[in-house]
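S.K.: Listed below are the residues making up each chain.
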Amino acid sequence: GPGWGHDHELPHIAIVSKGFQHQFWQAVKRGAEEEAERQGAGVTFMGPSTEQDIEAQLNMLTNAIARQPDAIGLAALDSRATEPLLRQAEEAGIPVIAFDSGVDSEIPVTTVATDNRAAAALAAEHLAGLLGGTGTVGLVVHDQTSGSGVDRRDGFLDWMRDNAPGITVLDPRYGGGDQLVSADITKALLAAHPDLDGLYASNEGSALGVLRGVTESGREDLVVVGFDSGRAQLDAVRDGTLAGAVTQDPLDMGRQLVLAGLAAMDGEELPASVDTGFHWYDARTVDAPHLAGVLYQ
Amino acid sequence: MTTSDTVEHATRRGGLAGAARTRLHQLLALASLLVIAGFFSAASPFFLTYGNFTAILFSTVVIGTLAVGTTLVIVSGGIDLSLGTGMALCAVVAGVLMVDLGLPLAVGVPAAILFGGLIGLVNGLNVTLLGIPPFIATLAMMLVAGGLALVLSNSAPIYFTDVPGYLDISTGNLVPGVDFPNAVLILLVAAVVAGLVLSRTVLGRHTYSVGSNEAATALSGVDVRRVKIAVYVIAGLFTGLAGILISARLGSAQPATGMGYELQAIAAVVIGGTSLSGGRGSVVGTLIGALIISVLNNGLQIMSIPQEWQNVILGCVILVAVYADMLRRRRA
Amino acid sequence: MTTSDTVEHATRRGGLAGAARTRLHQLLALASLLVIAGFFSAASPFFLTYGNFTAILFSTVVIGTLAVGTTLVIVSGGIDLSLGTGMALCAVVAGVLMVDLGLPLAVGVPAAILFGGLIGLVNGLNVTLLGIPPFIATLAMMLVAGGLALVLSNSAPIYFTDVPGYLDISTGNLVPGVDFPNAVLILLVAAVVAGLVLSRTVLGRHTYSVGSNEAATALSGVDVRRVKIAVYVIAGLFTGLAGILISARLGSAQPATGMGYELQAIAAVVIGGTSLSGGRGSVVGTLIGALIISVLNNGLQIMSIPQEWQNVILGCVILVAVYADMLRRRRA
Amino acid sequence: MGGTAHSSTDLFPPLLDVSEVTKSFPGVRALAGMRLDLRHGEVLALVGENGAGKSTLMRLLSGVDQPDTGRFLLDGREIRPSGPGHARSLGIGIIHQEFALVPDLTVAQNLFLGREPRRWRWFVDRRALDRRAAELVDELGLPLDPDAPVGALSVAHQQLVEIAKALSHRPRVLIMDEPTAALDADEVEALHALIRRFSGPNTGVIYISHRMDEIRRIADRITVIRDGRYVATRAVSTTSTDEVVSLMVGRAVPTSPAAPPARRRRPGPVVLSVRGLSTRELLRDVSFDLHRGEILGFAGLMGAGRTETARALVGADPVTGGTIAVRGRPVRIRNPAEAAALGVGYLSEDRKRLGLLLDHDVGTNITLSALASHFATAGVVRRRAARAAAQRYVRALGVRTPSLDRPVQHLSGGNQQKVVLARWLARDCDVLIVDEPTRGVDVGAKEEIHQLLEGLADEGTAVIVISSELSEVLRLADRVVVMSEGRVTGVLPAAEASQEAIMRYATLRPENTGTPPPEGPPANQHRAATAPQAEPEHGRRSRP
Ligand SMILES: Nc1ncnc2c1ncn2[C@@H]1O[C@H](COP(=O)(O)OP(=O)(O)OP(=O)(O)O)[C@@H](O)[C@H]1O
Ligand SMILES: Nc1ncnc2c1ncn2[C@@H]1O[C@H](COP(=O)(O)OP(=O)(O)OP(=O)(O)O)[C@@H](O)[C@H]1O
Ligand SMILES: [Mg+2]
Ligand SMILES: [Mg+2]
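Residue numbers (my numbering), protein chains in the order written: chain E, 1 to 297; chain F, 1 to 332; chain P, 1 to 332; chain C, 1 to 544.
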C-alpha cells in the first residue's frame, strides 16, 4: 500500500501533523493523498497520538528531515519548539510548508491554514443568535493547553464577552476530546446547572460526547453547536439534535498543502498564506452543494 | 508505620482469616465511599438526585467492567495493561462484524466478546509458555491491539446506527419508563459472575493461591499455568464486554479511544483493596474502588471546581481514602 | 514448561552468580538492540547516518533520564507512576522561577531539580510512614503533580526564550561544531552516577536487599524506611532533571506534556531486564531498554511504515526481544 | 551393603526400590548413583550431612524434579512421578523441608489445596472442605484452628499443617524431610505417635532428620548418604550413633558429650536487662537480665512466646509495655536497625521468610548486616574487604557452596542456616539472639555452631539461645529462662536445669504464679555497680 517505503522516483512530501487518529487529521491525510495521486507525487503522513506529545512531534520532524524529502508539511504543536529543526531543514535545502496553524518563523515558504479563533467566534455568533441573545451557555473543550483547544475556546469566549452581554458563559470544561469523558462531564454540568440553555463543543469528539450527555440526561431542548464534521455530526445536524457546527476544510487543506509543496520544490513563488477557510452548517445547509466538498464523512 | 511493621504485618494480618478479612476491608472501602458521597451531598443540592445517581453509575460502567475483569489477574499476581486498547479493538471488531459484514446482533456481540477472550488467551500464553513478565507481555499487547484497532477501522469510527437494538445494550432500559440504563445492570451481573468465580470456584481459590505463593501452589500439584491462562482469558472476555458496552453507548466504535483506561481500571482495583503483589482482593472491593473514582469525578464537576484543581483533589482524596482504610484495617 | 519448571528456572538461573548474571544479561539485551539496529541499517539508507545516530540518542534523553532514575525504585520493589506529570511540574517550576521570577540559571535549574527531589520525598514518606502501597501513593502524586503543573502555569506553556543559555542545556554542543547534543552527555553522566550508586554504595546494595526480601533485610538491622525514602528521592531528582532537559529542548515548559511518559520509562526499565518484583536489575540494562524503544520508533518512522502499523510492529518486536533474552538467559 | 539389604529381604519386592539415581545441577552433582529400599511397614531413616543430597532425592521421588538417570520401583512396578500431583496420585506423600504452604489461605484451604472437594464440577464445596479439615485436625489431634490463615502461624504450627497435609491423602510412601526441625520435645513425641498410627503393613515412611536420638526412637533402619552417594544401611538395633555419624562424615568423630560443664565461663556485668516486656498478642511482663559473656537459654513449649520476646526486644513487633536497658542505659528500640546500632542482633527462626535473600548470592547474604558498619567507607562499599570477610566465614563455618556467587536458594537447608548465622557474626554484636540456631543442621555442623556460640560467649558476647531442643539448651546455657504462655515462669542456673525441671516450668499455668525475679547471683548486685564502667568497653564495637 502507499507509505510502505514509498517509491523513491516520485517527488516526496513528508507531512508531520498534530495528530493522525482524529477524523480531522484523517481528512487532511486523505486530501493530501488524493492530490498527490493526481499530481504524481508521494506523501507520508505522521502525527503524535495526542496534541500534548510535542516531544514526539519533534522526533517525527527530525526523522522526516533525516529521510531527505523534497518538501515537508508541518502542523506545529508548538511553533517555537520546532524552530531549530526548521533551520536544519532549511540548511538541508528542504522547503517547509506550515499548515493548520501558522508557524511564527520566516522559514516556512507558505502557510496553509485556517483561523481557529475566527471559526470559534462564528460558532459563538450562531449560538447567541439561536438563543436570542440571552441565556446561560457552557463549553466542553477538547484540550486546555494545545493551540487548537485554546484558540477554539478563547475565540468563543471573546466573541461572547464582546457581543453578547445577555449571555452568561460558565467556565469551560475539558474532556480531552474523549466522547465518554465529555459525555459524563456534560451530564454533571447539566446536573449542576439545570438552567443551562446552550452548549458549545470544540471538536468532533467533544461534540459527540456532549450530544450523548444531553440525550442521556433527556435535555433535548438544549441548543448545541459543535465543531468539525464527520458522519455522526452531520447526522446529528440533519435530525436537529445538533443545531449546527463550524467546520474547517481539512480535505482542501491537504490538497493545498501538496500543491504548495510541489510548487515549492520547483522554486515557484508562493503567497505568504493560503486560507482554506471555515464554514457554518446547519440542518438547512448541511446537504447544500457548496458544502458538499467541505463536509467530510 | 515503621518497616518493622512490614515484618509484623506479614504475620499479624493473619489475625483475621482471608475471607473475613476481605469482607471487612470491603466494608471499610465502602465507608470511604459513603463519606465522600456524603460530603458532596452536603456540598451541592444537585449531587443527591436520582438523575445524577444513575449518571454516576452509568459513568462507572466501562472502567468498572475492565476493573472487575482484571481483578482476577491482579489477585493471581499478574497485571494487564492491554485492557484499554484491547477494549477499543473489540469494539472495532464488533463494528466490522455487524456493520461491515452485516452479521446479526446475536452473532456479532458474542463474537466480539470471544475475541476479547482470544486477546486474553494470547496474553496468557505469552506469560506462561514463553514466560514473559506480565507487564511486558501485556504492554506489547497494548501496542498491538491499539494498532490493529486503527488498521481494522481505517482509523475511522464505525457507526452502529444501522444495527437495530445495538445501542439499547447500553442505553436502553430493561423496565420501560424506569430510567436505569441496561449497561449498569450488565455490569452488575458480570460483577456477580466474576465475584462467584473468584470466591466460590476452584479456579478462584487457586487464583488466590498462585498470587500468594506460586511455588508452593505448584508443589501442591496445582497446574499453575492453567490458572494463569484462565484469568487472562477471563480478563479478556471482560475487555470484550467493555468494548461492546462503550461502543453501544457511543453508538460507534472509536478505534483511538481506550488508551489510558487500563491505568484507571487498575487504580480502581487497587483502591478497592486488592494487593498488586497478589493473593488478596475481591470483586466487590473493585466495584467500590471504581465507584469512588467516578463519584469524585462527578462530584467535583458538579461543584464546578476549576478542572486543573480537580486532579489535585482527586489525588489527595485517593491518598486519604486508602490511608484511612489501612488505619482501620490495622485496628481491625 | 510446566510449573515445576518455575521452580526449575529459579534454580537454573542460579547457575550464574548474581552480579555476573546481570552483567551477562545486559550483553544479551545489547544483542537484541544490535539485531534491531542492524535490520534497520539494511532496510533503509537513511538509518545508519551520524545525523540519525545523534537523533536517536537525543530522542532517548527524556525517557532515558526518567527510566534511569526509577530503576532504583523498581529494584527496591516499588514503582513510581508520578514520573511523567512530575517532570511536567518540575519544568513548570523551572519556568516560574527563571521566567516569571527572573532568577538566574544557576539558581533556577538546581532549584527545579531539588523540587523534583521534594516530590520524591513526599512519595517516599507516603510509602514508608503512611505505609501506602507505592502504586497508589505515586498514582495519587501523578494526579496531584499534573494538576499543579496546570495551576502554576495557568495551563499555558512558559517560554524560556528570554533565559540566556537555557536552551543550550539540551540542544547546545559542548564541543562547538561537533553536533552532539549536551542533553545526551547529561543523560550519560547522570546514568553513570545512578549506576555507581546502585552497584557500589551501601544504599545501592540495600536497595537490592529490600527488593529481594524486605522483612529479612529489616530484621538484619537495615533501616528499610531510610532506603525506600532515598530511592524515591533519587527518582524525584531525576524527574526534575528530565523536566529541565525536556523544557530546554522544547524551549518551553509544557504543563500537559508528561502524562504517559511514566509507562514508557517503566517499559524501558523492564525491557532492560529489571524485574518489577524487585531485587534484580541494572542501570546499564535500563539505558539499553530505552535505546531499544527509541531505535524502534526511529527506524519504523524512517522506513515510513504507516503509523497504525508502527505500534503493532513495536509491540511484536518488544515481545520477541524480551523472549529472545529469556531464552539466552536460560541457556546461560 | 545395600545389596545385602536387598537380597536379605523376603521374596516380596520392597515397597519402594530406588536405584542408580543421579541428578546434577549447574555446578553441582547433587546425586551420583544413589539408591535405597524401603520395606513394607517400616520407618527408614535417611541421614547425611548438610548438602548430602537427601532433599534432592525426595524432590525427585515427589515429582518436583526429574532425575537425570535412575529407577523408582513401587511394589516392583516402575513409576515416573512427572509432577507433584502425579506423585500424590501414585501414593507418595511428602513433607518438604522448606514449607510449601500458601500464607494467605487458611489452614483448611491449604490442607486441601489442589484437591478441593467440588460441587457442580467447578465450585469448591466449602462445607465439605471445612468438615473434612476439622475431622482431619481432630483425628490427628493437632492444636490447629482450621480457619486461621497460615501466614499468621509460628513456624512450628506451620510444620504441623504440613504434616496434616501430607497425611490427609493416606499415602503409601510418606516422606518426611526434617519434620521435627521446628518442633519441641512434646510435639516430636506427638508426631512419632502419629507416624506409628499411620504406618501399617502396606505403608512405609522415609524419615529425614539430623536428630540421632529421635531416629533411634522412631526408625527401624538407617540409610546413610554422603556427597550424593549411597554409603550404607544399618538396622537401628545393631548400630550406634557414633558409627552412623562416622559413616556420614566418612571418618570417625566422637559425638560431643551431652552437656559439658559450661560453668567455666565467668559471666561479666549485665549488658541487657529487660523489665516487664509485654505485647498485645502474647507477652506478659517478661523480665530477665543478660550478662556479658553469658549464654542464656530460652526454653518453652511451642508458642510459649520465645520468638515473640526476641522480636519485641529488637523492635520487630510493637511492645505495649516494659523497659529495656542496654549496658545500664535505658533505651527505646523502635526497629531492628536501632537494635543493631546498639549492638543487639536477632537471628530469626524462619530463615526462608525472615532470613535469606534467596535470589542473592552467598556473599551478599553474609555481608548484609555488617555492610554499612564494617565494609564501607563514606557509604561506598569496600568490595574486596566484604568479599574477603565473606570468604573467611564460609571457611570458618564450613558452608558447602561451590562459590561465594552461588544464590543461597540453591544451598541445602543446613548450609543456608550457616549463612544467616555468619551474617550476624560479621556484625559482631554485644548481644546476639539466635532463634533455633541449629534447626535443620547436621550433627557435625551443629557441633561446630555450638562451639562457635560458646566461642563468642568466651570472647564476651552475650548470647541468647532460643531452642526447642532441650538438649541444645542444656548443652549451651549458663542459665535457662523458661517461658509458658507468654510469661517467664522460671529462670534456672545450669546447675539446677534438667529436662524435668525445665518441663515443669514450661508447663506451668502462669495465671496464678507471678513472674519470679530473675535469679543468677551476679545479676542484681552487679548491674548497678558494673554497668557504668562496663559501658564504654562494650560500646566500642557496635557504635556505627
Ligand atoms: N535447585 C538446585 N540448584 C542447584 N543446586 C542445588 C539445587 N538443589 C540442591 N542443590 C545442591 O545439591 C546439593 C544437595 O542439596 P540437598 O538440599 O539435597 O541437601 P540435603 O541433604 O537436603 O542437606 P540438608 O540436610 O541441609 O537439607 C547441595 O550441594 C545443594 O547446593
Ligand atoms: N515470626 C513470627 N511473626 C509473628 N508472629 C509470630 C511469629 N512466630 C510466632 N508468632 C506468633 O506468636 C506466637 C508465639 O509463638 P512463638 O514462636 O513466639 O513461640 P516460641 O516460644 O518461639 O515457640 P516457637 O518459636 O517454637 O513457635 C505463635 O503462636 C504465633 O502466633
Ligand atoms: Mg534437605
Ligand atoms: Mg520461636
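Certain hints may be false.
[Said to hold, decoys possible] Covered stretches of chain C (chain F as the covering partner; in silico rule of three or more C-beta atoms under 8 Å from a C-beta of chain F):
1) 73 to 85
2) 93 to 100
3) 115 to 122
For the record, the hints were derived by calculation from the structure and aren't laboratory data. Ideal placement from N, C-alpha and C gives every residue a C-beta, glycine not left out.
S.K.: Identify every previously stated hint that the structure contradicts and give their numbers, smallest first.
M.R.: none
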